[in-house]
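S.K.: Residue numbers (full-length UniProt numbering), protein chains in the order written: chain B, 1 to 393; chain W, 1 to 393.
Same chains, same label: a pair holds when it works inside one copy or across any pair of copies.
With a straight-line Cα cutoff of 25 Å, these simulated SDA-like cross-link-like pairs (lysine to any residue) come out:
#1 LYS356 - SER266
#2 LYS326 - ALA38
#3 LYS155 - ALA274
#4 LYS348 - GLY261
#5 LYS40 - GLU269
#6 LYS97 - THR388
#7 LYS136 - ASP275
#8 LYS40 - SER266
These are calculated hints, taken from the structure and not from any lab test.
Protein chains: 2
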Amino acid sequence: MQMHRLLFALLTLLALSANAQLLVTKQAFSMDNFETFAGKTIKQVTVGWESYGELNADKSNVILVTHYFTGNSHAAGKYRADDKASGYWDALIGPGKAIDTNRFFVISVDSLANLGVHDPYVITTGPASINPDTGKPYGLDFPVVTIRDFVNVQKAVLESLGIQQLFAVVGPSMGSMQAIEWAVAYPEWVQRMVSVIGSSQSDAWTTAYLEHWATPIKLDANWQQGNYYDSSAPLDGLAASLMLITQNALTPAFFNQVGSGEMNYSAQESSPLADIRQSHSIVDWLRSRAKQRATSMDANHLLYLVRACQLFIAGHGDNIEHALNKIKAKTLFVTASSDLLLMPYHAKDTHAQLEKLNKNSQLVVVDGDLGHLEGVVGIERHAQSIRTFLQDQ
Amino acid sequence: MQMHRLLFALLTLLALSANAQLLVTKQAFSMDNFETFAGKTIKQVTVGWESYGELNADKSNVILVTHYFTGNSHAAGKYRADDKASGYWDALIGPGKAIDTNRFFVISVDSLANLGVHDPYVITTGPASINPDTGKPYGLDFPVVTIRDFVNVQKAVLESLGIQQLFAVVGPSMGSMQAIEWAVAYPEWVQRMVSVIGSSQSDAWTTAYLEHWATPIKLDANWQQGNYYDSSAPLDGLAASLMLITQNALTPAFFNQVGSGEMNYSAQESSPLADIRQSHSIVDWLRSRAKQRATSMDANHLLYLVRACQLFIAGHGDNIEHALNKIKAKTLFVTASSDLLLMPYHAKDTHAQLEKLNKNSQLVVVDGDLGHLEGVVGIERHAQSIRTFLQDQ
Numbered sequence: 001m002q003m004h005r006l007l008f009a010l011l012t013l014l015a016l017s018a019n020a021q022l023l024v025t026k027q028a029f030s031m032d033n034f035e036t037f038a039g040k041t042i043k044q045v046t047v048g049w050e051s052y053g054e055l056n057a058d059k060s061n062v063i064l065v066t067h068y069f070t071g072n073s074h075a076a077g078k079y080r081a082d083d084k085a086s087g088y089w090d091a092l093i094g095p096g097k098a099i100d101t102n103r104f105f106v107i108s109v110d111s112l113a114n115l116g117v118h119d120p121y122v123i124t125t126g127p128a129s130i131n132p133d134t135g136k137p138y139g140l141d142f143p144v145v146t147i148r149d150f151v152n153v154q155k156a157v158l159e160s161l162g163i164q165q166l167f168a169v170v171g172p173s174m175g176s177m178q179a180i181e182w183a184v185a186y187p188e189w190v191q192r193m194v195s196v197i198g199s200s201q202s203d204a205w206t207t208a209y210l211e212h213w214a215t216p217i218k219l220d221a222n223w224q225q226g227n228y229y230d231s232s233a234p235l236d237g238l239a240a241s242l243m244l245i246t247q248n249a250l251t252p253a254f255f256n257q258v259g260s261g262e263m264n265y266s267a268q269e270s271s272p273l274a275d276i277r278q279s280h281s282i283v284d285w286l287r288s289r290a291k292q293r294a295t296s297m298d299a300n301h302l303l304y305l306v307r308a309c310q311l312f313i314a315g316h317g318d319n320i321e322h323a324l325n326k327i328k329a330k331t332l333f334v335t336a337s338s339d340l341l342l343m344p345y346h347a348k349d350t351h352a353q354l355e356k357l358n359k360n361s362q363l364v365v366v367d368g369d370l371g372h373l374e375g376v377v378g379i380e381r382h383a384q385s386i387r388t389f390l391q392d393q
Numbered sequence: 001m002q003m004h005r006l007l008f009a010l011l012t013l014l015a016l017s018a019n020a021q022l023l024v025t026k027q028a029f030s031m032d033n034f035e036t037f038a039g040k041t042i043k044q045v046t047v048g049w050e051s052y053g054e055l056n057a058d059k060s061n062v063i064l065v066t067h068y069f070t071g072n073s074h075a076a077g078k079y080r081a082d083d084k085a086s087g088y089w090d091a092l093i094g095p096g097k098a099i100d101t102n103r104f105f106v107i108s109v110d111s112l113a114n115l116g117v118h119d120p121y122v123i124t125t126g127p128a129s130i131n132p133d134t135g136k137p138y139g140l141d142f143p144v145v146t147i148r149d150f151v152n153v154q155k156a157v158l159e160s161l162g163i164q165q166l167f168a169v170v171g172p173s174m175g176s177m178q179a180i181e182w183a184v185a186y187p188e189w190v191q192r193m194v195s196v197i198g199s200s201q202s203d204a205w206t207t208a209y210l211e212h213w214a215t216p217i218k219l220d221a222n223w224q225q226g227n228y229y230d231s232s233a234p235l236d237g238l239a240a241s242l243m244l245i246t247q248n249a250l251t252p253a254f255f256n257q258v259g260s261g262e263m264n265y266s267a268q269e270s271s272p273l274a275d276i277r278q279s280h281s282i283v284d285w286l287r288s289r290a291k292q293r294a295t296s297m298d299a300n301h302l303l304y305l306v307r308a309c310q311l312f313i314a315g316h317g318d319n320i321e322h323a324l325n326k327i328k329a330k331t332l333f334v335t336a337s338s339d340l341l342l343m344p345y346h347a348k349d350t351h352a353q354l355e356k357l358n359k360n361s362q363l364v365v366v367d368g369d370l371g372h373l374e375g376v377v378g379i380e381r382h383a384q385s386i387r388t389f390l391q392d393q
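With the hints as constraints, model all of the structure from the sequences given.
M.R.: Written out as structure tokens, the structure reads:
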């Protein structure tokens, strides 16, 4: 009897734990034709999406989560109980969490030209996709796509589910660009907008900076102006780009902590002193992680994501104030003081502009050593401000 | 007679004016053999040097200026009266200036593997030099060189002039590494040390970051493992590296000011929206400047300078405290609050360590929108702290 009780307790615990784990399924959404913001048509667009929690009867409990540059729609949960990792914002999204799936229907959509196109759980349409007109991969013939286009694809997914309003749209980094664009382009839809580690526009600094992420790919001899689908992919260039992206998203404090660990980093390591062809341990660490990640990604897709971010200004016009003035949503900006990629001035400036326009806006500056990634890996420590914002009426 | 007086007056004026302009001559120094810190021998080392002001009788008025990564020994003055630009620290060095050439004999030496090897005024020995053993350029057979090696070459130049002590050693950025290394390696020589926008070691963050400067060169198909001296140089890779270096040395405020000028930057520019192969104006601006600068530089030399910086820890051992404890010089650290490349923590940490060791150290944090370049282009605004430091006994 005691044995049975123990077994029952264990099974209950496992069940709760499985529930806490949010087992999720990737779904697919297709459109025969999609017209881009720049006026080009893309045939047979298919993207992946996933959701957590239940849609209520009047479809008023929807929170759209928009993903970051190297991310996809796997925002929370696991596909299988034995997955090593959960979705990137699992600390934020789930039963009883800040974005409470007992209350909200949370949905996320893979972007066009998603970076992780070779990840079996990513479904996207981009330069690596087959062009129906030629039967070959698009390469650079794929049209330039924008943050507005990502938003419009999401809108089509939502409409296919009969959804016409968003309790909130929430996203980090490139996802924040989409969240802000939602609030500007479709103000009647969006009741609340949360921008995490984000920006309402790519200023001259950011547009120039993003180019450094594209450059290594274009220098790789395998890139061949984007026509590499019948030959070797430019994986060295892609890995070099990912090395820079990773470092830009982190901080000296983080790297120096890595260096002071098992690696036992020293500027005076013997092998790079003896041979110009060798690298320091910290460089090898960064490179090996990037090479591993590159295998599930496509180099051209990275170029298109860079361009989408470079082209971003809320409303996609030439006047940011005019665009922000269209917002009806209550807004929250969460920025990280240690962020070196989208530094706090982005969120502060936009928040200040919204206040000047008499909009309902809040700004939270969070601390921590993770830099930009305070908004992704470090989100658990900053969830309270988002929880409170979503509870307010 | 009056004519003679007039002529004499004019000649005097010209001489004074030439003095004010500091007309300078690049000189050369050679050694048959130079042994590197790592124990390799380089034959026939030749470097350029220049000086401003007069060496006094007991050779006690010497200030050595050590240059930054993309710089050379042209710290002040002009080679010809009609040169467009003066040396990089001309606002700091000259008659009556903070480093007063009426009082001091100021000398600077081109580094080994100097980046500007194709600049007619740079004299250096590096991977682009002819290896006397083979009659061909070294390429990657050139030994790895270190900050200590730059210091040792400077010491040989000074000794060839009968100099045995330095009133001060002063340098920005990579020059600061050399200045600190002088104070640690040859404490009996160095009475005063000024580190501007500098660091006493390449921490894990900095070593990893510097690798992004090397990567584009290695990706350029023309690089060919450094054996490009009989073919096309990897100028695209070199330009890409210089684009990143330039941006790392500046700030959002600076770039956004450039963008808001004649360029009239907009995230929503039509040509990059229409065609993935086109770039934004701010990217074109950055690229065109980098391509222009690349023509006087050598890509392999950049790799060697990156490595010299990556390997730097004051004293070139494994214990920074032990190294700093050797310093006898009075020290001044000038760091820029907006510096994104060698952030203020570098100077602050070293200054704090020196204070803990009961050394005579001062720290000045300067403001401004130029980031790292506050210590080069912006030096005039921060000259007073250096002037005062050199006047103190």
